[in-house]
Amino acid sequence: MDNDDVDYELLGKIIECVQETFEFGANAFKDLSLSTDLNRQLGIEGDDANELMPEFFQRFSVDLGNYDAYRYFVPEGYDLLSFRRGKDRRGKIPIQLGMLYLAAITKTWDPTLLEQVHYSNIPLYQRKADIPLTGYEMQHQPQNKDSP
Numbered sequence: 001m002d003n004d005d006v007d008y009e010l011l012g013k014i015i016e017c018v019q020e021t022f023e024f025g026a027n028a029f030k031d032l033s034l035s036t037d038l039n040r041q042l043g044i045e046g047d048d049a050n051e052l053m054p055e056f057f058q059r060f061s062v063d064l065g066n067y068d069a070y071r072y073f074v075p076e077g078y079d080l081l082s083f084r085r086g087k088d089r090r091g092k093i094p095i096q097l098g099m100l101y102l103a104a105i106t107k108t109w110d111p112t113l114l115e116q117v118h119y120s121n122i123p124l125y126q127r128k129a130d131i132p133l134t135g136y137e138m139q140h141q142p143q144n145k146d147s148p
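All residue numbers for the sequence shown refer to UniProt numbering, where the first residue is 1 and numbers rise by one.
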């Protein structure tokens, strides 16, 4: 899924939903893409994930389908029962921002579909004015001292 395919109004609402549960870092939007892994790159796990996902499903009227939190997120702290879960239920599957976007469009959580799509890793936002939340910056590249 490429950035050209994105309804940025819907994506902005998804980002607001994530923001209500998890505070983005000051420069989070510099590299934010459809392929951004909510768990590994943004640090959403455990209790944060348990707050975010039900809110996401409700707000965007997404059918839970075969959603399994243990498939995507590792619980906070030490998980005594992790050895008893199947290997596919140990938080090893990346949950990407594009998966939330596609689920909001299709209105169902279908792991087979969502996990097979290739999500673009090109940053979604190029300018501060495009960021759907206030108070966030784009980290600017240093300019050459010789340039006017």
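Take the hints with a grain of salt, since some may be wrong.
Here are the in silico distance ranges between beta carbons for each label pair [as the list claims (entries may be wrong)]:
hint, residue 1, residue 2, range
1, Met138, Leu113, 30 to 38 angstroms
2, Thr112, Gln41, 29 to 37 angstroms
3, Gln126, Gln58, 26 to 34 angstroms
4, Leu113, Glu137, 19 to 27 angstroms
5, Met138, Arg40, 29 to 37 angstroms
6, Glu51, Glu115, 20 to 28 angstroms
7, Glu16, Lys107, 17 to 25 angstroms
8, Asn66, Gly135, 30 to 38 angstroms
9, Asp130, Asn66, 27 to 35 angstroms
10, Asp68, Ala129, 12 to 20 angstroms
11, Glu9, Met138, 26 to 34 angstroms
12, Lys128, Leu64, 29 to 37 angstroms
13, Asn66, Glu137, 37 to 45 angstroms
List time: in silico DSBU-like cross-link candidates among lysine-lysine, alpha-carbon distance up to 35 angstroms [said to hold, decoys possible]:
hint, residue 1, residue 2
14, Lys30, Lys13
15, Lys13, Lys92
16, Lys107, Lys128
17, Lys92, Lys107
18, Lys107, Lys13
19, Lys30, Lys92
20, Lys30, Lys107
21, Lys128, Lys13
22, Lys128, Lys92
23, Lys30, Lys128
Hints listed in this document are in silico derivations from the structure and should not be mistaken for laboratory results.
Keep in mind the model is a prediction, meaning the values are calculated, not measured.
The C-beta atom is built at its ideal place from N, Cα and C for all residues, glycine as well.
Each hint, compared with the structure:
Judged by the Cβ atoms, the range 30 to 38 angstroms given for methionine 138 and leucine 113 holds: they are separated by roughly 32 angstroms. Here the CB-CB span from threonine 112 to glutamine 41 is close to 23 angstroms, at odds with the stated 29 to 37 angstroms. The hinted window of 26 to 34 angstroms between glutamine 126 and glutamine 58 holds, with their beta carbons roughly 32 angstroms apart. Checked against the given bound of 19 to 27 angstroms, the beta carbons of leucine 113 and glutamate 137, roughly 35 angstroms apart, lie outside it.
Our hint of 29 to 37 angstroms for methionine 138 and arginine 40 is violated, since their Cβ atoms are close to 22 angstroms apart. Between glutamate 51 and glutamate 115, the C-beta spacing of about 23 angstroms keeps the proposed range 20 to 28 angstroms intact. Our hint of 17 to 25 angstroms for glutamate 16 and lysine 107 holds, since their Cβ atoms are close to 19 angstroms apart. Between asparagine 66 and glycine 135 the beta carbons are some 36 angstroms apart, a value that agrees with the proposed interval 30 to 38 angstroms.
Between aspartate 130 and asparagine 66 the beta carbons are some 34 angstroms apart, a value that agrees with the proposed interval 27 to 35 angstroms. The hinted window of 12 to 20 angstroms between aspartate 68 and alanine 129 is violated, with their beta carbons roughly 38 angstroms apart. Checked against the given bound of 26 to 34 angstroms, the beta carbons of glutamate 9 and methionine 138, roughly 20 angstroms apart, lie outside it. For lysine 128 and leucine 64, the hinted distance range of 29 to 37 angstroms is satisfied, since their beta carbons lie about 36 angstroms from each other.
In this structure the hint that asparagine 66 and glutamate 137 lie 37 to 45 angstroms apart at CB holds, the actual value being about 38 angstroms. Simply put, lysine 30 and lysine 13 have alpha-carbon atoms about 18 angstroms apart, close enough for the 35 angstroms limit, and the pair holds. The hinted pair formed by lysine 13 and lysine 92 meets the criterion: a straight-line CA distance of about 27 angstroms does not exceed 35 angstroms. For the hint pairing lysine 107 with lysine 128, the CA-to-CA distance comes to about 30 angstroms; that is within 35 angstroms, so the pair holds.
Of the supplied pair hints, the one linking lysine 92 and lysine 107 holds, its CA atoms being roughly 24 angstroms apart against a limit of 35 angstroms. Of the pairs offered as hints, the one joining lysine 107 and lysine 13 holds, with about 15 angstroms between alpha carbons and a cut-off of 35 angstroms not exceeded. Of the supplied pair hints, the one linking lysine 30 and lysine 92 holds, its CA atoms being roughly 25 angstroms apart against a limit of 35 angstroms. Between lysine 30 and lysine 107, the direct Cα distance comes to roughly 28 angstroms. Compliance with the 35 angstroms bound is thereby established for this hinted pair.
For the hint linking lysine 128 to lysine 13, the alpha-carbon distance of about 17 angstroms falls within 35 angstroms, and the restraint holds. For the proposed pair lysine 128 and lysine 92, the alpha carbon gap of about 33 angstroms is at most 35 angstroms, so the pair holds. Proposed proximity of lysine 30 and lysine 128 is supported: the alpha carbons are some 9 angstroms apart, at most 35 angstroms.
Figure legend: structure checked against the earlier numbered hints; hints not met, in rising order: 2, 4, 5, 10 and 11.
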